[in-house]
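Each chain is listed here by its residues.
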Amino acid sequence: MLALAVIIGLLPLALSNNYFYDIAVLVGLNAIVCIGLNLLIGYAGQISLGHAGFFGLGAYGSAILASRYGWPPLAALLATTFAVAVLAFIVGRPILRLKGHYLAMATLGLGVIIFMVITTEDKFTGGPDGISVVPFRIGGLVLQDERIWYWVVGALLLLAVWLALNLIESPAGRALRALHSSEIGAEVVGINAANHKVMVFVISAVFASIAGSLAAHYSGFVTPGKVTFLHSIELVTMVVFGGLASTFGAVVGAAVLTTLPQLLTVFKDYEMMVFGAVMMGTMIFLPRGVVPSLARLLAARRKAAPDDKARSV
Amino acid sequence: MSLLRVEGLGKKFGGLNAVEDLSFDIRPGAVYSIIGPNGAGKTTVLNLLTGVYRPSAGRVVFDGHDLTGRAPHEYARQGIARTFQNLQVFFNMSALENVMVGRHLHERCGLVSTLLRSRRVARAEDACREEAAELMRYVGLQNYLSAAADAMPYGALKRLEIARALATKPKLMLLDEPAAGLNPTEALELDGLIGRLTERGVTVVLVEHNMRLVMGVSDHILVLDYGRKLAEGPAMTIRNDPKVIEAYLGSAVAHDGPFGNAIASAVAVAVEMHR
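Quick mapping for you: the protein sequence lines, in order, are chains P and W. Under our numbering, residues 2 to 314 are what the first sequence spells out, in order. Under our numbering, residues 1485 to 1759 are what the second sequence spells out, in order.
Worth flagging that the hints you see were computed from the coordinates, not collected in a lab. Given the structure is predicted, the values throughout are model-derived calculations rather than measurements. Backbone N, C-alpha and C fix where the C-beta goes; we use that ideal spot for every residue, glycine too. Be a bit skeptical, because a hint or two may be false.
To be verified - Each pair of labels, with its calculated beta carbon distance range:
#, chain 1, residue 1, chain 2, residue 2, range
1, W, LEU1677, P, ILE185, 19 to 27 Å
2, W, ARG1543, P, MET284, 51 to 59 Å
3, W, LYS1653, P, PRO262, 50 to 58 Å
4, W, ALA1555, P, PHE90, 17 to 25 Å
5, W, ARG1554, P, PHE286, 43 to 51 Å
6, P, ALA301, W, GLY1700, 43 to 51 Å
7, P, THR121, W, GLU1491, 51 to 59 Å
Claimed, not checked - For the chain W half of the interface with chain P, some residues (derived, Cβ under 10 Å), not all of them:
#, residue
8, VAL1573
9, PHE1575
10, MET1577
11, LEU1599
12, CYS1612
13, ALA1651
Generate coordinates for the entire structure from the input sequences, incorporating the hints supplied.
Here it is as C-alpha cells:
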C-alpha cells in the first residue's frame, strides 16, 4: 500500500509530457475497475464477462445526466453509481445462482444487452457516434488538465486499494474466499453464500461504474467502444494477468496491459502478435499471474537462503 | 425434552429411497452415534440434518424450530455444526483463517464499517483471531497456528474441521466419520476430544465405522440399514443385538452361544480395520 503510494507520488518525475500523464490516468481508471473485478473473480471465484457493461453504464449515465440534463457532474456520478448498484443487485441474484461456464454466459449476455441498448437508444446516447461530455467540476473547480486528473485518479486508486484490502481482511472477505473454496463448507458455518455473492457483484459493478463516469468526464467523449464484449475480456485479462486474488496484482495487470500496447507500437504491424506472445509467455512462466508468482518465487528464495548459509558453515 | 427431533424423514434419489421413514430423538448432552453398513444412508441423514439435502418427506425440528426445507446456513444459525467425510476445508486460506470463518455468525458488522475498517471492526478482528487460535489449541493443532491449510496432513485437517465447527458455537455437532483415514494413535486421541466436546455442553452426533470408537464414546446408537432404522438403543444393547450383527456380518456368525457375541464384536472390529 505504502509502496503504491510512493510510486504514484514519484511517477510524475518520469512523466515528461501530457501523453504519459494521459496513459497514467487510463492505467489508474482501469486499475480501479480491475480491483473491483478481482474481488469478484479472484476472491469470490465468480466470473463476469460483462463488466464493460457496468463501466459503460457509468460513463453514459454521467454523460447523459451531466451533459444533456445539465446536472452537476458529482450529482450525476453519484446518481449513476446508485442506479448501477441497484441494477447489479436486481440482476445479480438470479445470475449468481449459476456457476462456471453458465455464469460466464449469463454475464456475457448482460454485457451484450447493455451494449445493444446504448448503441440503439441514440436519442439519449448518440448511438454509435457517442456523445461529448462536459468536464468534471466541483463547485468552481474544473478538472481539465491531465496533471490534475493524474492526482485525482491516483488518490482514488489508493482509496480503492484500501477499501479492497479492508474488505478482504474482514469476516465478509473471509466469507468470500471461503465460498470460493467450498460453497457447502461456507454454508454450514452460517455463511449465506447467495447474499455474499450478490454483495461482491454489486461492489465490483460500483467500482466499474465510478471508473466509467470518471473516464467519460476525463476524455470528454464516450463511444460504445468501451462497452463492448472485447473490453470486458480485456478487463478479465488484466485481472488474470496480474494475479487472481491479489489486489496489487489487479493494479499491475491493469498497468502492464494498458501500457504494453503503447510500448509495442514500435513493432508496427507485428504489434498484436508480440502482445499475444508476451501474454502467453507470462502465463506459461508465471502461471498464477505476475504478482502472486513473483511473490512465491521471492518467498522460496528467502527460504532457501538460510539453508545455503547453514550448509556453508 | 429433545434437542433434535426427526419425524418420518425420507429422501429419494430418482426411484431410490436413500432414507425412508426415519424418526428419532436426540437429547441434549449425549453422544449419539449413527452406524450401519456402507450405503446405509448415514451421510444422507447428516446432509438432511444440515439442510444440504431437502427431505422428500418428514420434518426436522431443532431446539423448537422447524427447519425442514431451510438453507444450510439457517441450520448453522440455529446451532447445528458439522464436519465432512470428504473434507471441505478452505484450502485457499491459512488454518487459522479457516477457524476464523467458523466465527462468521458471531462477527456481524456492517459493510460500511468493514470497508472503512472502523476501530471496532479492527478490535473485533483481533478478538476473532485470538479465539480461533484458542480453538486450534483446544483440538490439538497448536503446531499449525501459522500453517497454510493446503500444507497440513490429513489428520490435522480433520481436527481443523472440528475447530471450525466449534467456532460456530454449536449446540449440536455432527461428525461424519472423523476417524476415517486416521492412524490408530490419532483415532485414540479422538475419543478424548469427543469427550471434551460433551463437557463443553455440545451434543454430538457421530457417524463412524470405527467400532472401537463408537462403542467407547456413545451413549446411544442408531443402526441404519438400506435407509431404514434397524435398531436403536443404548450402546450395550446394540452391541448384542443379533439383527445388528447379522446386518454387519451375515447370519452365519450371529449364533447364540457363550462366545458368539464376543467373536462377532472381534470380527466387526477386524472388518472395520481392514476397510
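Margin query: Taking 51 to 59 Å as the stated bounds, is the beta-carbon spacing between P:THR121 and W:GLU1491 within them?
Written below: For W:GLU1491 against P:THR121, whose Cβ atoms are near 58 Å apart, the range 51 to 59 Å holds.
Notebook entry, point to check: Should the hint that W:LYS1653 and P:PRO262 are 50 to 58 Å apart at their CB atoms be regarded as holding?
Noted result: holds (54 Å)
Check: Is it true that the C-beta distance of W:ARG1543 to P:MET284 lies inside 51 to 59 Å, as the hint says?
Finding: Holds, at about 52 Å.
Check: Honestly, do W:LEU1677 and P:ILE185 meet the 19 to 27 Å range at C-beta?
Finding: The hinted range 19 to 27 Å holds for W:LEU1677 and P:ILE185, with Cβ atoms some 23 Å apart.
Checklist line | Whether the CB-CB distance between P:ALA301 and W:GLY1700 falls inside 43 to 51 Å | finding: Holds: the Cβ-Cβ distance is about 45 Å, inside 43 to 51 Å.
Next item on the list: With 17 to 25 Å as the target window, see if W:ALA1555 and P:PHE90 comply at their CB atoms.
Entry: holds (19 Å)
Note to self: Against the range 43 to 51 Å, how does the distance between the Cβ atoms of W:ARG1554 and P:PHE286 compare: consistent or not?
What the structure shows: Given range 43 to 51 Å: holds, Cβ gap about 48 Å.
Notebook entry, point to check: Taking 10 Å as the limit, does the beta-carbon of W:CYS1612 come near enough to a beta-carbon in chain P?
Noted result: Status holds, d = 7 Å.
Notebook entry, point to check: Taking 10 Å as the limit, does the beta-carbon of W:ALA1651 come near enough to a beta-carbon in chain P?
Noted result: holds (7 Å)
Notebook entry, point to check: Against chain P, with CB atoms and a cut of 10 Å, does the hint on W:LEU1599 hold up?
Noted result: holds (5 Å)
Next item on the list: Go through the hint on W:VAL1573 and say holds or violated, using the shortest Cβ distance to chain P against 10 Å.
Entry: holds (7 Å)
Margin query: Using the nearest Cβ pair, does W:PHE1575 come within less than 10 Å of chain P?
Written below: With a closest approach of 6 Å, the W:PHE1575 hint holds.
Consistency note: the structure conflicts with none of the earlier hints.
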